Amino acid sequence: MAQVREGDLRRLAILFERHHRALFNFFVHMNGDPDLSDDLVQDVFFRILRYRASYDNRRPFSAWMYQIARNVNLDNARKRRSELQLAAEADEDERGPREPVSMTPDAERAASRREEVRLLRKALELLPEDKREILILSRFQNLKYHEIAAILGCEVGAVKVRVYRATRALGQIFFELAGEKAS
Amino acid sequence: MKCEDYRALFPEYWEGGLEEEDRAALELHLASCAACRVEADSLARIWQGLGRLPLALRGRDLRRRFYEKLEAYQFGVEESEAGAQRSGLWESWKAWWSRPALQLGVSAAMLAIGFLAGYRVDDRRDSAQLSQLRSEVGNMRQLITLSLLEQQNATDRLRGVTWAYRVEESDTQVLSALLHTINHDSNVNVRLAAVDAMRTFGNSPIARRGLAQAIGKQDSPMVQIALIDMLAELKDFEAAPELESLARDPKTNPEVRERAAWAIARLR
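Protein sequence lines, in the order shown, are assigned to chains A and B. Residues 156 to 338, numbered by this note's numbering, are exactly what the first sequence covers, in order. Residues 7 to 274, numbered by this note's numbering, are exactly what the second sequence covers, in order.
Warning: the hint list may mix true and false statements.
Stated by the list, open to error - If you only want the chain B side, here are some residues facing chain A, beta carbon under 8 Å, derived: (1) L34; (2) L36; (3) L49; (4) I52; (5) W53; (6) L59; (7) R71; (8) F72; (9) K75; (10) Q157; (11) A160; (12) P227; (13) P256.
Note that these hints are calculated values from the structure, not bench results. Note that the structure is predicted; figures quoted are calculated from it, not measured. Where a beta carbon is used, it is the ideal one built from N, C-alpha and C, also for glycine.
Required output: the full structure, derived from the provided sequences and hints.
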């Protein structure tokens with residue numbers, strides 16, 4: 156990144172190749188929309204270009220990148236708030252056909268796993284944004300706790316507590332949706 | 007330590023990332039505290055479930071759009087920086103000549119204009135001209151892709167990989183150059199990009215076989231996971247035996263094994 160800052164813009168391609176998958180998944184888990192996430196990834200890399208002069212060499216690049224990604228996500232969420240109802244309806248349509256009444260044990264297991272994944276995704280959507288974000292950073296982005304602490308600007312101990320609390324909150328929503336009793 | 011302090015260790019415990027001392031202390035606590043034990047069990051199911059959430063597939067255009075914008079941005083920056091110092095036609099020509107993307111764009115546009123002119127002059131010649139135009143543009147794309155893939159500089163090779171998205175699906179020369187890149191390029195990012203570009207050739211049995219065979223040749227778990235994801239995306243059922251032996255091999259990186267198991271489940 157230091158070289159990009161100094162004007163070797165071609166080096167951004169290397170950063171793009173290294174990080175665009177993780178960023179894409181970050182956005183998809185945050186907003187559930189692959190096409191939109193595609194646009195947001197582009198947006199992050201072009202904010203990196205535009206604001207390259209403000210990059211501080213002493214900080215890890217990924218922390219800076221995710222801070223930009225969080226801002227991009229926030230800006231987009233503001234724009235999108237009115238469209239949320241529409242997205243929820245689309246999700247209902249995507250559930251697909253019902254499973255047949257009679258199934259083999261294997262098919263039953265697969266169906267129940269599918270149902271669990273669906274409920275978990277729904278629970279993740281219903282989770283408050285800050286909790287969803289910390290779960291995505293810790294569970295999907297392969298980031299270490301000290302890196303997450305740098306992104307969020309807090310202590311490592313606080314990250315651990317927040318990850319646990321977010322998991323617990325997700326569990327409560329999941330078990331409610333599944334009609335099971337939460338511990 | 008209070009129960010809440012122990013519970014904050016759960017995620018690291020499930021990930022296997024706790025220090026030995028903390029792990030032993032947590033296990034001791036779990037053995038004596040029923041409430042924490044119940045919570046650990048129920049939340050472990052949530053944590054593992056999150057790991058099973060399928061990753062969304064990227065649009066085909068993500069990489070192409072990025073490189074086009076980067077090229078345009080870079081060109082704009084360089085032009086504005088150099089604008090004050092040069093005004094001669096020769097300098098502009100040199101700047102244009104150093105950029106294969108722009109060369110191709112302009113060449114293709116000129117060919118298209120030529121074609122359209124020909125079309126208006128003589129309708130009977132249109133299908134012959136169309137096929138000639140296609141073949142010339144195809145050849146140019148192939149040439150640019152192959153030459154960029156052979157460059158010393160990793161960034162140029164990455165651009166070569168991006169050009170591979172524009173060649174015809176039947177272009178076996180680019181297909182084999184991409185497979186060579188996946189198996190032998192020294193740069194992980196170039197290899198990752200080449201794996202993605204293989205989507206263009208997804209219908210080719212040679213491409214699928216090449217992808218499956220490449221997994222065992224990789225030293226980078228990231229590239230292995232990208233290959234597994236691509237095989238799962240292409241629904242390559244014939245890759246299942248390779249994936250199964252990968253998932254069973256204790257020498258394989260644990261994340262790669264987990265991803266292989268996920269892909270096998272997806273292919274079934």
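For each hint given before, does the structure comply? Return the numbers of the non-compliant ones in rising order.
1, 2, 10, 12, 13
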